[in-house]
Amino acid sequence: MAISKIWVLAEAGDSGPTPVTLELLTEARSVASTVEAVAWGSDTASLAAALGEYGATTVHDVGDLGGALPGVPVASAMAELIKGGNTPDAILIPATYDGRDIAGRLSAKLDKPVLTNVTGLVAGDTLSSQHPLFGGSLTVTAKFTGEGPGIFVIRAKSFVAESGGGAAASVVPAAVPETGASNAARIVERHVEERSGPKLDEAAVVVSGGRGLGEASNYALIEELAKLLHGAAGASRAIVDAGWVPYSHQVGQTGKTVKPTVYVACGISGATQHLVGMKGSKNIIAINKDQEAPIFSVADLGIVGDVHKVLPALIEALKAKG
Amino acid sequence: MNVVVCVKQIPDPAAPSALDPGTKTLVRTGKLIMDDSDNYGVEMALQLAGGEGDKVTLVSMAPGGETSGLRTGLAMGAADAILVSDDALAGSDALGTAKVLAAAIKRANPDLIVMATESTDGYTGTLPVQVAELLGLPSVTFAKSIAVDGSSVKVERQTEAGYDEVTCPLPAVVTVTAGVVEPRYPSFKGIMAAKSKPVDQLTVADLGLDASQVGQAGSGQEITEVTEAEARSAGEIVVDEGDGAQRVVAFLEQLKVI
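Residue numbers (the working numbering), protein chains in the order written: chain A, 1 to 322; chain B, 323 to 580.
Here chain A stands alone, though its shape is the one from the complex (with noise of 0.2 angstroms):
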């Protein structure tokens, strides 16, 4: 069975659709022949030249959800229509908030496994799904065994998004058949938090700060360094659990997957649960105090000290250049 059909789960973001959308687009049409993409909102419309240049034919517009949270209508607006005959091949979905809880919704509606935390795709008969294990040590590549469609969840940063130059994609509505007491959820207020400087998976520069800053207070040095390197801050595992810093700063298999030019590791002493989140970086510098850390088998440059000393003395040195 050749895969001729994938739909993509697009999301959108403050302009337009969000990286990891364009990145599963791009995957999408290299392997299949006709890409499809599943949106929702009050303006999908405005999407849909973007969707098309990256490769969609088509959005299936789910429409304003009306303060919904989009897991239970957009799942169920997908499971009709693939009950109505349109089935995909396979579905790409981002591994986001919104789109673990759709993937969630749509597997047990249709019986279907998913295969979550995928980093790449291999197309043969049937299209399999790469994983890292480990902290990234070992990549396992498992497919599925039954009839599709193949639900994928697939991690940002896994492929490069390339414009296709196709066409805008034509919006075609997909309805939300009823759904009873499971949709019962509604968005009451939604609180934007400030935030200066770049989106952690998308900057440039990530400064990480790990248990080794000793207290909840030192956080602050890691928001500095991230700011003079125009960069975002990113966690350990470790200090999200102890509650320093809230969970969408965390770095690693159960958080953000980052891939900036420099990524910083100050205090972390590197779990394979952080590694596999930050180990595609393109420079790793780690600073720790303990040699044996195993962040040192992936860092670059690798500072053995005390983070309480080498910090205070980098933001200095940066605030003297200026």
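Hint data in this document are derived by calculation from the structure and do not stem from the laboratory.
Some hints could be false.
[What the hints assert, rightly or not] Result set (DSS-like, lysine-lysine): computed pairs, CA atoms no more than 30 angstroms apart in a straight line:
no.	chain 1	residue 1	chain 2	residue 2
1	A	Lys-321	B	Lys-578
2	B	Lys-476	B	Lys-466
3	A	Lys-109	B	Lys-466
[As the list claims (entries may be wrong)] Simulated DEER-style distance windows between Cβ atoms:
no.	chain 1	residue 1	chain 2	residue 2	range
4	B	Met-323	A	Glu-80	29 to 39 angstroms
5	B	Ala-401	A	Ser-217	36 to 46 angstroms
6	A	Glu-215	B	Pro-385	51 to 61 angstroms
Source: prediction; values computed, not measured.
All C-beta atoms, glycine included, are put in the ideal place defined by N, C-alpha and C.
Model the placement of chain B on the given structure of chain A, informed by the hints.
Relative to the frame of chain A, chain B by itself:
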């Protein structure tokens, strides 16, 4: 209010992990512990269901009748537990596991089901929503905080941009991120009491599930290959002699970042 917390009993993440060369699934031998991620769910549930007549029940699926991880949650203060253990469950994928947990949760008839956003060892992150769909319940994932208000729950849900305030009628499934509450340490009294708290052990047949839907038999996916990933070449590691910061500055200059 009855609250169910799904807890996963996993091999100690600090111990070296391995794949079974035959089945290519994670080796799960030795003593299992309660996943650290579940500490937050258990703590949250205990805080929400701390009143008269409230109850927290743990639900888990694990091989070999394993209860050592469950005892941790019971020692923290959960009243009882349901454990599904059956040889037929080996090799279950997330959807198969969700079917088992959903069937077990039904028995506790909860008002609220709390889970971690994802486990430390499997980290598919889809299971809670699969359970919610199988139970026909709404779900709110990635909760930073949960407050029960009569027959509904108010949740602050993590988003890319900040957070959303979400309301949802009960019963519902809510997943919590780590770090949202400070998990209590079991007291000595709690640890002693946990030893005699009831753990209802069930099989696939007890749950009325078809064995072909779960375990390896029901898993719709297989691992075809395991390869060594390309290792990063070793870099320069220097001991800070007071020049560490300058070394970093020089490296950043070389990369033209500054």
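For each hint, the structure was consulted:
At roughly 14 angstroms between alpha-carbon atoms, Lys-321 (chain A) and Lys-578 (chain B) fall within 30 angstroms of each other, so this suggested pair holds. For a cut-off of 30 angstroms, the pair hint linking Lys-476 (chain B) to Lys-466 (chain B) stands: about 11 angstroms separates their Cα positions. Simply put, Lys-109 (chain A) and Lys-466 (chain B) have alpha-carbon atoms about 27 angstroms apart, close enough for the 30 angstroms limit, and the pair holds. A beta carbon spacing of about 35 angstroms between Met-323 (chain B) and Glu-80 (chain A) agrees with the range 29 to 39 angstroms that was offered as a hint.
Distance hint for Ala-401 (chain B) and Ser-217 (chain A): a CB-CB separation of about 38 angstroms, consistent with the stated range 36 to 46 angstroms. Restraint check, Glu-215 (chain A) to Pro-385 (chain B): a C-beta distance of roughly 40 angstroms breaks the suggested window 51 to 61 angstroms.
Of the numbered hints listed earlier, the single one contradicted by the structure is hint 6.
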